[in-house]
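Given the coordinates of chain A, work out where chain B should sit on it, guided by the hints.
So the protein lines, in turn, are chains A and B. In this text, residue positions in the first sequence follow the working numbering: the first is 2, and each later residue adds one. In this text, residue positions in the second sequence follow the working numbering: the first is 2, and each later residue adds one.
Think of the hints as simulated: they come from the structure by calculation, not from any bench. C-beta: ideal position from N, C-alpha, C; glycine also. One thing to keep in mind: the hints can contain errors.
[What the hints assert, rightly or not] In silico SDA-like links for lysine to any residue, alpha-carbon gap of 20 Å or less:
{"id": "1", "chain 1": "A", "residue 1": "Lys69", "chain 2": "B", "residue 2": "Ile144"}
{"id": "2", "chain 1": "A", "residue 1": "Lys134", "chain 2": "A", "residue 2": "Leu41"}
{"id": "3", "chain 1": "A", "residue 1": "Lys119", "chain 2": "B", "residue 2": "Asp164"}
[Unchecked claim] Covered stretches of chain B, as calculated for chain A (at least 3 residues, CB under 8 Å):
{"id": "4", "segment": "22-31"}
{"id": "5", "segment": "85-92"}
{"id": "6", "segment": "118-130"}
{"id": "7", "segment": "140-148"}
In case you want the letters, here they are:
There are 2 protein chains.
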Amino acid sequence: MTNYTELTNFIRRNIDINDEDLKTVLSYFQSVQKHKNEILLPKGKNSQVSYFVIKGCLRLFYLDEEGKDITRYIAFENQFATELVSFITNQPAQEAIQVIENSELLYITHEDFRHLMKIVPVWKDFYSIYLEKAYVNNAKRLISFTTLNASERYKQLFKINPDIVKRLPNKVVASYINISQETLSRIKAKFLLKNEKRETKNT
Amino acid sequence: MTNYTELTNFIRRNIDINDEDLKTVLSYFQSVQKHKNEILLPKGKNSQVSYFVIKGCLRLFYLDEEGKDITRYIAFENQFATELVSFITNQPAQEAIQVIENSELLYITHEDFRHLMKIVPVWKDFYSIYLEKAYVNNAKRLISFTTLNASERYKQLFKINPDIVKRLPNKVVASYINISQETLSRIKAKFLLKNEKRETKNT
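Bound conformation, chain A alone (with noise of 0.2 Å):
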């Protein structure tokens, strides 16, 4: 039986939706599960879905001209994921989506997203809510690329998205601050060196 409880309870914190509206938009998300590394290519723009994890973790990337992988967002749990640029030009995806652990998601069409939100009016607000987000992740972003070099850029990561650090790979990480895996190692042991400093300073 598909687990609806966490998606529910994302909508219900974002939006005021009465229990028939809930039922109507939860039927168009379908259950499926993902193993690790598996990428979930869009095939053609009718097959171009959003994933919501229950479990799990997704990564949207794309590559540069010369092949090097740049790590966009990554959705833990209770999060979606979605090639918004796609969804909103109505264009063939620029990123893929890749599993990083074994994922227990949800998904629903991009195509099955916009009908809702004429049958279902309050399904807008929900996409207004989930523009904004995804709007200030980019902008914080932008500012972090233009303003930090390497080394504050992970510091500040640490800051505010300790998981991506703490539970994911040093290759996503790295992609995701867009350095190479040679130079977070770098920052990675100095930044030891500096917390071990401290803490035998504080004993």
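Same frame as chain A, but now just chain B:
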């Protein structure tokens, strides 16, 4: 008398709105003339406003820790300029708005913008579309900062938004693609030389 023609056209291009609702929306906008180089500083939360450019040009910018000036967004005629993160989070603005050319503007306070979403339901659709465009714009900039080098960023800007390169001073262009003015001068010289060679070849 306030000139609402451009804003009316802009709104009608984005949403279906009846005359009465349009009248209500326009009644919350006021006109103002601003001089080149003026900083339109937000004075406290309630005085934060969105601008619509009838004539002229505005930029949104922020400063990094060393005081380096970074331009996040440039609005020419028929575009809005809003500190969206502040609008969304209701926190003090992180970005300032500066007048780049003598400008004829309309403005609305964030408070009134939100109030309009309550009394004119279709204004919510306008906001969603506005958010979508802002998201796509920021996402593309995020990709360009993480995948392109200085010279590639300049070429991309020249291709996608030539007005910024042609109409604005080097200082603003450099701060928009996050490079120094010296680097911009070098890139421009190379770029012009290449184009001249191409033209000579074609004659």
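Violating hint indices (sorted, rising): 2, 3 and 4
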